[in-house]
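Using the sequences and the hints given, assemble the complete structure.
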Amino acid sequence: MIDPVFGRKDPKLDYHTRIGAYGVIPDHSGARLLILQAPNHALFLPGGGVEKGETPEATLARELLEEFGATVHVTKKLGKSSEYFYSHHRQTAYYHPATFFACDELAFVQDPLETFNTLMLMPIDLALAELKRPTHRWAVAKWLAQQPKR
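The sequence shown begins at 0 in numbering that gives the first Met the number 0 and counts up by one.
In case anyone wonders, no lab produced these hints; they're calculated from the structure.
Accuracy of the hints is not assured; some may be wrong.
Said to hold, decoys possible - No farther apart than 25 angstroms at their CA atoms in a straight line, the calculated lysine-lysine pairs in the DSS-like style are these:
| # | residue 1 | residue 2 |
| --- | --- | --- |
| 1 | Lys131 | Lys141 |
| 2 | Lys8 | Lys75 |
| 3 | Lys76 | Lys51 |
| 4 | Lys75 | Lys51 |
| 5 | Lys79 | Lys51 |
| 6 | Lys141 | Lys75 |
| 7 | Lys8 | Lys131 |
| 8 | Lys76 | Lys11 |
| 9 | Lys131 | Lys79 |
| 10 | Lys11 | Lys51 |
| 11 | Lys11 | Lys75 |
| 12 | Lys51 | Lys148 |
| 13 | Lys76 | Lys131 |
| 14 | Lys11 | Lys131 |
| 15 | Lys79 | Lys8 |
Now the structure itself:
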């Protein structure tokens, strides 16, 4: 199976590769997902950039503690997808391959280390419509397709 790629590579731009890891994390009811709202109000799945020597799973664990003061149990690798995009905020073009995980057992264990993002639990259908990155919407759709019918 070929990993999906979103966006189009503009041959005029120099792309910086930023590898990421993100989690699809439902609350205990299974009806809402943990979502990060950035200061510019864009919505993302929890996670972020992989640091040197880090596994995608370790990245997700680190980012959850930093952003939310939370831990999760990774239950399954959903897959990988990537995107070409231009960040107007950073004035940089990015190639952003990412690994996505299904998670459960969300627990808040400490105060977040970062205070500039907003944590929210969002209904799944709304998250599918509002997440900024198509790779994130792809991961939620893939996770949702694997859930038992209610």
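Hint by hint, here is what the structure shows:
no. : hint            : in the structure
1   : Lys131 / Lys141 : holds, 16 angstroms
2   : Lys8 / Lys75    : violated, 30 angstroms
3   : Lys76 / Lys51   : holds, 20 angstroms
4   : Lys75 / Lys51   : holds, 23 angstroms
5   : Lys79 / Lys51   : holds, 19 angstroms
6   : Lys141 / Lys75  : holds, 12 angstroms
7   : Lys8 / Lys131   : holds, 18 angstroms
8   : Lys76 / Lys11   : violated, 34 angstroms
9   : Lys131 / Lys79  : holds, 17 angstroms
10  : Lys11 / Lys51   : violated, 28 angstroms
11  : Lys11 / Lys75   : violated, 38 angstroms
12  : Lys51 / Lys148  : violated, 40 angstroms
13  : Lys76 / Lys131  : holds, 21 angstroms
14  : Lys11 / Lys131  : holds, 24 angstroms
15  : Lys79 / Lys8    : holds, 18 angstroms
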